[in-house]
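Chain by chain, the residues:
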Amino acid sequence: MKKLLIAILASLAVAGVLWIAADGLLSFVLFWGRLHSLAVHFPIGLLLLSGGLELYRLARPKSKVSEVLILSLPLAAVGSILAVLTGYMLSFEGGFAEETLYWHLRLGVLVAVCATSSLLLRTLWRFFAWQSLERAYQTTLFAGALLLILAGHLGGVLAHGPDYLTAYLPAPARSLIGLAPSKAAGSEIDRETAVLFADVIQPILDHDCGGCHNPSRKRGGLDLSSQEGVLAGGENGEVLTAGEGSSSELILRMALGSTDPKRMPPGDRTPVDLGKVEVIRWWIEQGASFQLQLSQIKDPPFVVTAYLDRIAPQGGAEPEGIFALEVTPPSVEQMEVLAEEGFAVGFLAEGQPFLDVRMPRGTKLTSEARSSLAEVSQQVAWLDLSGTELESGWTGVLPGMTHLVRLNLSLTNAADQDLAALNGLQYLEHLNLYGTPVSDAGLKHLAGLPRLTKLYLWQTRVSEEGVAELRAGRADLEVTLGETLKNADDE
Amino acid sequence: MEKTTAHRRTLLSTRREFLSRSAQGLGGIALGTIMDGSGAGPLIAAPEEGNPYWRGAVHPLHIPPRAKRIIYLYMAGGPSHLECFDHKPKLAEMDGSPMPDSLIRGEQKSAQSGGQRLQVLGPRYSFSRHGESGLEISSLFPHIAQLADEMCIIKSMVTEQVNHDPAHTFMNTGSIIQGRPSMGSWMAYGLGTESENLPGFVVMTSSGGGQGQPIAARQWHSGFLPGRFQGVKFESTGSPVNYVSRPPGVSLADQRELVETVKSLNFLSNDVLEDPEIQTRISQYEMAFRMQTSVPELVDFSSEPEYIRQMYGTEGADGSFAANCLLARRLAERGVRFVQLYHRGWDHHGNLKDGLKEAAQLVDRASAALVLDLKQRGMLEDTLVIWGGEFGRTPMGQGDDGRDHHIKCFSLWMAGGGIRPGTTYGRTDEFGYDVVSDRVHVHDLHATILHIMGIDHERLTYRSQGRDFRLTDVHGNLVKGILA
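Each protein sequence line maps, in turn, to chains A and B.
The opening residue of the first sequence carries number 1 in this note's numbering; numbering runs sequentially from there.
The opening residue of the second sequence carries number 1001 in this note's numbering; numbering runs sequentially from there.
One chain only, chain B, in its complex shape (with noise of 0.2 Å):
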């Protein structure tokens, strides 16, 4: 077949993703890569059949990795730092009063705080010390509190967007613009896959505790990343994968028949257009074939003990975070790269206190049971788990029992993966409302999180529309002092 310009155009245009794909095509570790006794080597791979293993656009790694995967527990809508991680007896002391001027002058405010007189909320939970670390934590995290001695609280996250769809997108892309591939779909187009039968980057929701605000689907996208590389989103309850399991009648042949002819007709067709989404299509239909096997067995809950599911408090696949947080610990333990599970049920704009209390109940065991089971199983060393959200809230009250969105300041955890336990990072006024020092920006939360996996952020670059793009953008400072 002729190749017309609009093919060739395609393939010119891509051709990163023609490296890359070599590197994978027809499931070839990146042997092309090894050394050749100089240090680096090429991209392409010599095509190996049968060993499923890519290792990734970085390879080798920039440094050598701190974790290997990722689990990131992302409290969807905005959790108040005032009332999980971050103490303030002052905004207690000033519970009612107006909030000083010298803080609030000229700043914006949100469509929701406009108008109304800003009054100081005190915080609704007492704070008291933990562990050997003495960290101070909320009595709303009983469980989390156990954590004192493995994680680092960073107090001084700061983010650029208030509103909770734009929010998200930063955090996940490191941009407000649409169409930017998320962290997940990075680590799985940079570091490769360690699962052969399961995707590299797997997001679960849940939610509870408050207004459940929706998250989009593209918060898992892979933007201008191949298409294999975005986030597959397991339902949390039942068959966690829609549309895997065979129909009736269909035996495992006939279906590998099925799949290995759809893929040679889906190989001839790539020969000539070499098109990134054909090979996407084509390692799709791979790996749902062998999720067929695969999935099965990692949601068989019924070989953990009863002792761990009491600990992460479910007994599987209903639904909850706690089912998630398992599920999450299998995939891990499975080689998955990036699992992201979404709770949605921290918008607390009205009904903070109870709604606070709920939400907390929901992931609090859960969190802790995760980060410590992965602990006795030697996992906790090479999974760096992350908790938090888009945003924080503000030390003003909003009505009489909530509280609006604050970007200026909020707090997030971090457990394992080379993260130095038993410490918080950065500090905020005395109100909550500012950072006072190290301040860490979402850029350089995702420096540093791909320092941690092995990458030099500046060094991880996808070209796209004739530009090199990176998660962090042209942004992004290692954050050194949270790291062990």
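This is chain A alone, in the form it adopts within the complex (with noise of 0.2 Å):
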């Protein structure tokens, strides 16, 4: 037994030997180095544990957990000491923040040793009945795990960067402790005030090559989380030649293959979106200012449009007239009803309430297709009865359609009288009267409509003296009469 053991142990040695002498100490080192995360999160879970059996066990005194202390400590202890080791080995890699570096690898050396004297006390307590030692033994682990705590938070800040923990937190949140308000990609951004740099493209690196890049973990000498950290480059030298998009060393190693060893972020990692990548090729070609802000760019590229609305879609107008409303749809039944009653009938667009609806030319608008047509009165927005003939009684369906917007009666019979039918439509933008009976008597009725923006009163019994009264005061109303054409061909 003990030969196997010797055995395995040399092999192991000459294994290691022969890894140094090919690979070299420091590619020796870094494998076991590496592995640090692997260990580390161990000793945590166990180290936590034991202290909170601990403090279970001072609460109830007799209960078992006795019996887990036995396992779970010592390999706590082991499980420390190990991960003191592959750290201090990991520390070879180079790149990250000094001063964090340094509390992390003394706290977790601080926490090892802890964690290895409770082990000591509490066996010397336990087995060997020195019963004095059971108060050092508790204090030296609660010791070790809250030490363990701010050992490990500053491992997390090394391995993900400074804002890794609060980058989510809620506004109040952040500001109660005193931090800025975070621009993590995809948040809120003003585009009359937002700077391209700082609002866009610095979320783009924090959030893509923040985890590497940041100040407490310099891959390659590189820091990104800020405009000094840019300017200042890499240990390759600098990342960005103003005006060379494509050539700047920043945009080359986003862009090679997901093969090369070179590419970032490199190996499996999900490449920079190419829409990022974009933004950033134009904000270097455009000159990499820090300071240009987004209404300050004339004509914005697609790239940049693109990856705006992407992230922060602009609302679009807000909504206007009767789209500004909220109108419950007609029912499937009322529809067919208009569609028997020979309507063509349909939603404006859609998630709209709307209807377009159209009359055929030379069709009659009987009684029943009024009564249909008063069923969804709230809903007709768009309404063309052009050509069709038209029942004496039949604007008692008007004055219902509170949200009419546009109303075609071209080539109708309608006559003065009825266009009293329009008071009141506050809606009503377009108006065709084209080919009808109308007269100066009929335009009085339309004085009362609000947003009347468009007449049409060609081949009617209308005057231009008539036109002028109803247009007095009402610049945005435009009135057709009828068009010529200029005759040219004599020039």
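These are computed hints drawn from the structure, not numbers from a lab.
Label pairs and their calculated CB-CB ranges:
#1 A:G243 / B:G1106: 14 to 24 Å
#2 B:R1463 / A:D309: 23 to 33 Å
#3 B:P1100 / A:D268: 47 to 57 Å
#4 A:F302 / B:T1423: 15 to 25 Å
#5 B:I1177 / A:K262: 33 to 43 Å
Ideal Cβ positions, reconstructed from N, Cα and C, are used throughout, including at glycine.
Bring the two chains, given one by one in their own frames, into a single complex with the hints.
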């Protein structure tokens, strides 16, 4: 048995020596060092568990948790020593923020010391009945667990950057602990005041590069968390040359193929979104100004607008007119009845309750058709009755159509008195009366239509004076009385 | 009858077609698409006998439409932007001097200009400002100039094809590969019909003024869309539609009976095959039958008052562009979605000065009359009028009096349909050689036209050969700057 153990240890030692001889000491050290992130989590769990169990035993001295401590504490001690060893080896990789590393290493060693001494003290207390050591054991265990939390946090800062923990804190909580508002990619962007670098590009760098290129963890000597860091470049020199987007190291590294060892982010990690890369490329090509505001970019190129639309979609214009109203859509039955009555009917657009309704030319607007129309009077936005035959009393359907925007009565027998029914249609914008017997008397009924902007009066009995009277003080009302083409053939 | 494997394959490969056909099937309004209160409904319609309006594959529309129909005045041959709508005083200044090397170095020359000395050719016609908007328009177009406050001139159009036929195909279908649906077919498919007895997509041609390069019928083909969305070419003289008149001695009732019988037979085989083309055939028989009565009324120009005929400059049905414009307005009034009028006469490799004059005289008055006539009828606000060709022409002369094809910039104007009136969009350099700002690629134009019609160009798709196709393929950006 002993011989076997010696044989194993010896062959491991030989293998280690051969390894070092072949690849150098550093690669040997770093191989084991990179196991730090694996090794470190066992002692964290075990030491916290041991501390918790001991607390429980304080509250309930008769409980049998000691049985668990017999196993968990030695494992925690051994694990913490292994973690310190691998951690020290990893520190040779370089690129870490020196101060953070300094404290992480020392706290880590302290944790290992605490864990090991608490194991020692407990063994003396329990197995050699050295009762006075119980308090000392407990103190070192609790101190170790507390220090562990600090050391672990610093380790997290080294691995993921200083903002990792707080990046997604709600804004009020951030301001409470004295942090500036977060600029995580995709957060609100005010296009009037936003600065291209600070508000668009820095969040991309933070999100996609910040894991390794932050002030705590300058991989390759590069810190991309600030303007200074970007300008300073890394150990291979500058990462950008203003005006030369495509040949700047920053872009080149992201544009390399996924199998290229120099590609960033390395390995199998998700490549940086091409849309983001193109925004950064454009910014560098335009001179890499750190002050350039979005509002100063004349004719923003597609790469920029497309990205902005993606991360901070503009809500579009606020709905206006009837589109700002809450109206229930018509029922399927109501639509079916309209179709049966001969209307061509459809929705104005998806998600809208409003209807575009047309009666085919040459047909008659029967009383049945009118009552089917009255059923949806709240929903009719566009109504085209052009060229239809209107029976007396047809106007009864109009006053209820309070959301009517366009009304086409051209080539009908709609008369002056019929227009009285339009009074109160506050959303009516377009009214086509071409080819009707309407005269100046009828126009008087239109004075109270606040939104009327287009009025077609060709081939009616309306006079220019009547139009002038209606248009008095209404520059936005466009009236068409017919068009003439000046004869230019003789020139 | 047993459905064979081949039949099943046909059926499966055209699932979307089956759905859309169900929507139109038996002439039903797409009632199934009615919102159930949630906003969107299925594409399948309840068949509704007697109501012929099919509201299209995009129902409801993605956004409220700015226009409901399009009249596309297609100036085939490549009108010279430098003599029409893009004024370049620098060219006059440098007339006869060599083209600056900085512009043309490394550029590929066409077969016709290759090997020649490239000299600047000054504009052959003068420009002046018109309307309150002060748009600069050439003296070739004294009537179109009167539309200055109605139109938006895009000076920064860009295409990819330098020869007529592929450039037409690119302008019409967004691809140079044959077999893609034309713009009008996409509209007919997406928007459905507003006319129960006329096709949704009508094409007419005229010529004069230059080499009348031919236009292939494939320019209005429906591609992989069902055949009933193909453009129907109306003749410009005589009866516009061939072979729809009843033979002597056949009554309307006889004809109806024949059509009904053929239809029932077609339905029988359609039940087995569910082939889109059978449905197309059924609907075409129906349409042809209805056109027997609708067409004579459509072309009865005697109902047009004398002053209207004078305005357009035609008595109608005389084969002229003007007659086509007048008919286009009548088609638009009757609910036709997409009317495309080709005028073949703008290919001026030589005889630029006189040829342009002749071509312009043939289209100028009628183009302007059409827009104004639509306006006074209240139709311009929901009709999009487009005027332009497939590419522009070189600032370098070809011979003493000609210009070669040019794709790096050309001009096109639009009016009506929610277009920002009295404006220009985009700029070219001082030679009219290249776009300086606000480039509008053909794909961008398509995206914008679809937007005007209420369609998101990324969402109007049709699956063919295992892939969803769009008019704009994978391109196209909305040109917001030309919209009111």
